[in-house]
Amino acid sequence: MRDNYKGYLFILPAFLMLVLILGFPAVAAVLQSFNLMWVSKPAFTVGAYQALAQDPEFLRSLLNTVLFVTVVVSSHLAIGLGVALLLNMDIRFKWLWRVVAILPWTMPDVIGGLVWRFMFDTLPGIVNSLLLRTGLSTEPIDWLGRPDLAFAAVMLAESWRGYPYAMLILLAGLQAIPRQQYEAAELDGCSAFQKFLYVTMPNLKHMFIIALVLDTIWESRLFGMVYSMTGGGPGYSTQILTLLSYKQYFQFFNISYGAAMAVVLATVLFFISLPYLRMSMRQRI
Amino acid sequence: MSDKFIKGLSRAAAAVSFGCVLAAGVAPAAAADVTITYSDWQLAQDIWGKSLKEAFAEFEKQNPGIKVATEPVALAQRDVKFTTAIRAGAGPDVFALDMNPVKQYIAEGWVKDLTPFIEKEGGKKFLDDFYARSTGPLTEAGKTYGVPKNIVAMVLVYNEAMFKEAGIQKVPETWDDFRAAMKTLTKSTKAGGPVDQWGWTIVAAKAGFDLRFSVILRGFGGDFLTPDGKKSALDSPAAKEAFKYVVDMIQNDKTMPPGVAQVDANGARRMLANKQIAVKIGTTWSLPEVSGMNPALDGWKVLKMAHIPQKTVDGSSVRSTLYQKSLFMNPNTKNPEAAWKLIKFMTEAKQMQRWFDDNNMLSARKSVNETYKPIAESPFAVTVAKEIDRAAFLPLTPKWPEILETFRVNLQDAIAKSKSPEEALANAHNQVNAILARP
Amino acid sequence: MRKPASVWIFIYGALAVMFVYNLLPFFWMVISSFKSEMEATLFPATLLPDVFTTEAYEKMWLQEGFLLYFKNSLIVSLSTAVLSSLVGIFAGYGFSRFRFRGRLTLMTLFLATQMIPGVLLVGPYFKMLTIFNMYDTLSGLILAQTSITLPFSVWMIKGYMDTVPIEIDQAAEVDGASRLQTMFLCIVPLVLPGLVATMIFAFLLSWGDLLWALCLISDPNKQTMTLGVTQLVGQFRVFWSEIMAATVIASVIPATLYLLLQRYLVQGFTEAAVKE
Chain A
1 MRDNYKGYLF
11 ILPAFLMLVL
21 ILGFPAVAAV
31 LQSFNLMWVS
41 KPAFTVGAYQ
51 ALAQDPEFLR
61 SLLNTVLFVT
71 VVVSSHLAIG
81 LGVALLLNMD
91 IRFKWLWRVV
101 AILPWTMPDV
111 IGGLVWRFMF
121 DTLPGIVNSL
131 LLRTGLSTEP
141 IDWLGRPDLA
151 FAAVMLAESW
161 RGYPYAMLIL
171 LAGLQAIPRQ
181 QYEAAELDGC
191 SAFQKFLYVT
201 MPNLKHMFII
211 ALVLDTIWES
221 RLFGMVYSMT
231 GGGPGYSTQI
241 LTLLSYKQYF
251 QFFNISYGAA
261 MAVVLATVLF
271 FISLPYLRMS
281 MRQRI
Chain B
286 MSDKFIKGLS
296 RAAAAVSFGC
306 VLAAGVAPAA
316 AADVTITYSD
326 WQLAQDIWGK
336 SLKEAFAEFE
346 KQNPGIKVAT
356 EPVALAQRDV
366 KFTTAIRAGA
376 GPDVFALDMN
386 PVKQYIAEGW
396 VKDLTPFIEK
406 EGGKKFLDDF
416 YARSTGPLTE
426 AGKTYGVPKN
436 IVAMVLVYNE
446 AMFKEAGIQK
456 VPETWDDFRA
466 AMKTLTKSTK
476 AGGPVDQWGW
486 TIVAAKAGFD
496 LRFSVILRGF
506 GGDFLTPDGK
516 KSALDSPAAK
526 EAFKYVVDMI
536 QNDKTMPPGV
546 AQVDANGARR
556 MLANKQIAVK
566 IGTTWSLPEV
576 SGMNPALDGW
586 KVLKMAHIPQ
596 KTVDGSSVRS
606 TLYQKSLFMN
616 PNTKNPEAAW
626 KLIKFMTEAK
636 QMQRWFDDNN
646 MLSARKSVNE
656 TYKPIAESPF
666 AVTVAKEIDR
676 AAFLPLTPKW
686 PEILETFRVN
696 LQDAIAKSKS
706 PEEALANAHN
716 QVNAILARP
Chain C
725 MRKPASVWIF
735 IYGALAVMFV
745 YNLLPFFWMV
755 ISSFKSEMEA
765 TLFPATLLPD
775 VFTTEAYEKM
785 WLQEGFLLYF
795 KNSLIVSLST
805 AVLSSLVGIF
815 AGYGFSRFRF
825 RGRLTLMTLF
835 LATQMIPGVL
845 LVGPYFKMLT
855 IFNMYDTLSG
865 LILAQTSITL
875 PFSVWMIKGY
885 MDTVPIEIDQ
895 AAEVDGASRL
905 QTMFLCIVPL
915 VLPGLVATMI
925 FAFLLSWGDL
935 LWALCLISDP
945 NKQTMTLGVT
955 QLVGQFRVFW
965 SEIMAATVIA
975 SVIPATLYLL
985 LQRYLVQGFT
995 EAAVKE
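Residue numbers (the working numbering), protein chains in the order written: chain A, 1 to 285; chain B, 286 to 724; chain C, 725 to 1000.
Bear in mind the hints are in silico, worked out from the structure with no lab data behind them. No incorrect hints appear here.
Examples of chain C residues toward chain B, derived with CB under 10 Å: (1) Leu853; (2) Thr854; (3) Cys939.
Below are the SDA-like pairs computed for lysine to any residue, each with C-alpha atoms no more than 20 Å apart in a straight line: (4) B:Lys515 <-> B:Asn718; (5) B:Lys475 <-> C:Thr770; (6) C:Lys783 <-> B:Gly334; (7) B:Lys410 <-> B:Thr656; (8) B:Lys704 <-> A:Pro56; (9) B:Lys449 <-> B:Ala581; (10) B:Lys475 <-> A:Arg133.
Yeah, the Cβ is synthetic: ideal placement off N, Cα and C, and Gly gets one too.
Please construct the entire structure, taking both the sequences and the accompanying hints into account.
This is the structure:
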C-alpha cells in the first residue's frame, strides 16, 4: 500500500521502549564489563575477562550451565513430545488431561524451586518419607547435600516445570499435520512406528527446532528455580551463570566482573539463537 | 510518590501510553508525621518481634509526631537488601546489624557517622557506659558509626534429659570427649527403626554459619585470619584439625542429621526443640527461641549451658565468638534527628532490661548487666557472661563478608565430598588470600 | 482408526504416569500447607496431615502481609500485560500490515532481544532507576518486566494479525477509516483470543519473575508475591508449613487464570506456532 511509511510510526513506541529499557542497559553492561561506565575508576581494561578465564568458580558454573541446559532441554523435548503425542490421540476427557499436562508450567519457577526443595528435604521431605516407608532405603538420603544428587534434583525439578512449554509448541505442530499424509501412509501399509518416523517426525522438524532454540534460551536464563532450591549449593555444585553473575554484581559488588559474566552468557545465547534468527530473516516463522 | 512516578516514567518512555500503569502509583501518606523506617532480621521472629513492636509503641507515645514503620528482612538476605537499597539512595532509616559486615558498611559509606549526635548527648559520657569491646569496632578514625545494643558469647546449649538418658554424666570439655558423647547420643528411639536422634548439628547454611563454625575453629586454637588481619590463617595445624573434625563427624561418625548443608540457625533450633538433636551451639537467645518452638520440651528447665570444648582445656585462650547487635543510621535518611531519637531510645538502659526480660539477651551497657537483678540471678546469663571474656569478634575487616562466604562454600564442598577436607581448606586459604590481596 | 486394547492400556497408563508426575508436587505443597508447624517438621514426614489446620494460611495472610504482596503482584503483572499488549498491538499491526524498508531486520531485532539474559540488564537498569529516582517503585518494576514481555507480545500479536485477511483492511479503507480506526475497530476484535493468550503469557511471565523484583524493590510494602515468598525462607520462625501455604497462595492466581482461559492460550499458541 502507498502508506507503508506509516509502518514506522506504528513500530515506534515499541522500538523506543526496547531501546530505552533493553538496548541501553545492554550496552551499559558491555561497557561496565570493560570497566568504562558507572564504576569507581573508569578506565578501559579487559581485566575482568582475563580473570574469568582463570576463575575456577566461573568455569565450573559455565560447565554446570551447559550440562544443566543440555539435560533439561532434552528432557523437555522428550517428555514434551511424548505427552503431545498422547494428547493428540482420541482420548477421553481430553480437556482434563490437557489441563493437568500444562499445570506445572503455570507455577512460577521460584515457587517450584521451593516446593521441590521441601520435597527433597532430608528429614521432613516426602521423597525420603516414601523411600523409608516403602523400605527402599533404610536411612534418609541427603538429596540436596550431595553434589551429584543435588544437581540431579534441580534438573528433575526444572524438567517437571518447564516441559509443558515445549509440549504446547509440539502439540501445535502435530495438529497441523494434514490427515491425508497419515492416510496415505496407511494405504502404503506403514506400521504406527513407521508413520511416526516418516510422517510425524519430518513434519515436526520445524517446530522441533523452534522448541529447541526457545527452550534453550529460557533455560539458560533460568534464575529463580536454582536460587530458591539450592542457592547454587552445596559448595559450587549447582551454581549456574545467572546466579553467579547476580552474586558478583549485587552481593560482592564486583561490578565489572559480574557484568563480564553476563556478557559471556549473552554471547553464547546469541550464537545458539542464530539458526532461529536466520529462520526469521527468511520469513520462515 | 505520584509526581515522582509520572516524571520518571515520562523521562523513561515518553512515547508510551501509560494509563494502565497509573494504578501502580500509591497514594501519598499524610505528611504531618515523620515516619522512621526500622529494619531488623529479628522483626520476623515472634518473640523478638513482639518486644521490638512493644518498644516502638512506647517510643511513639514518648515522641508524638514520630511514627516507626518496621521492615522485616531475612538474615540470609539482609546485607544484599540493605546494600542494594542504600546504594540506590533508599533503604530503612535505622537498621540493625551483627558485627560481620560492619567494617564493610563503614568503609563503603553505607552507615552515617553518628559522632555529631553522640557529641550532643555528652560524647564520652554517653559512650562510657558501653563496654569498650562493644564500641571499639564501631569506631573508625575517631568517628562512631553505630550504637551497641546486645553482646553475648557462644556456648553449648544441650538437653540435659537426653544426656542423662544416654548415660552421659559430665558435659564434655574436650573435643575428644565431645565426639564420643555425640556418638552415644546418635541412635534410633524406636527399636529397629532408622536413626532418628543425633548428637548435634552445626549450621552450614548462610544464616548463622558465622557464629557456629567459628567457635569450633577457635576451640581448636585456630582462627580465620592472622592477628594483623592481612593474611589467611587457614593453613595452621589447628585450622586443619578443626576442619577435619567437623567433616569427619558428618561423614564418618554421622552424628549430625543428614542435610547439614541446608541447616541454618533456625533449623538447628527446630531440631533441638524436636529432640532430634541433643546439643547445638547457641547462647542466651536459644532458650526463649527453642522453648517457644515446642512448649512440650519444657526448654527453660531441660536446656543447660556449658562452655565450648577445647583441645586441652586451659584457663585463658580464646574459645568462643562474640555476637553483638548494634544500631545504625542510613546515610540516605531524610530525618536524621528523629532517627537518632529512635537509636538512642532503643539503646537506653530501660530497653536493654526489656530485651533481657523478653529475649534473655545480655546488654552492651555495663550498668545494666551489673545492676539489673534478674541478670545477676540467671544461671544462663552468668555462664555466658563468663564466656564473653574468653571470646573474640570475627575478623574486623571490610572484606570479611566475602571471606566468610567463600569459606562457607568451601566447607560445603568438603561436606558434600566434592573435595577432600584438605583440598577444600587449601582452596579456601588461597581464595581468602586472593580476596585480601585485592585493593 | 481402531487400536487394539493393549495400545489403549499403554496410552492410559502413560497418561496416568504423567498425571502423578505432574501433580505430586502440587499434592505435597497443598498437603503440607494444612499441617501444623510442628507436624511439617516431623521425621519421617506424615503423608496426610494428622491434624488438619489452616493456621499456616492465617499466619501468612494476616501476619506476613501477603494480602499486600498479592495486590502488588496483581498491579505489576496486570500493568505489564496491558502495557506490553497495548504497545504490542501497534507494533504487531505495523509489522503485519505494512511493507517498509528494513521490516525483516527490525522484526529479527525484536526477536533477538529475547535472547538477552536478565542478569545482563538488571545491574545497569538498577543504576538507571536510581538516577531517575525510580528505584523501589512498582512502576520501575513494571517497565523492567515489560522489557521482557514486549518482544514476545509483538511477535505473538503479529502472528494473530497475519491470520486476518488483508481484504478487511482494504474494505475499511474504502469506507474511509483511518489506519488507527481500522486497527482498533476491525482487526483487534478479530484477534481477541490471540490477544488474551498474549496477555496471559505476559502476565504469567511477570507474575513468576524473581530476579527483577529482587534487585529493584526493597520496601517490604512493595514486594511482589514471589519476592515475598523467597524472603520467608531463612527468616526466623517461619517453617515449611507456612512456606508451603505461601507457595499455594502464590500459585493460585496463575493456575486459576490458566484453567479459566486455557482454551485461548492453547488456541493462541497453536495459531502462532503453526504458521509457516
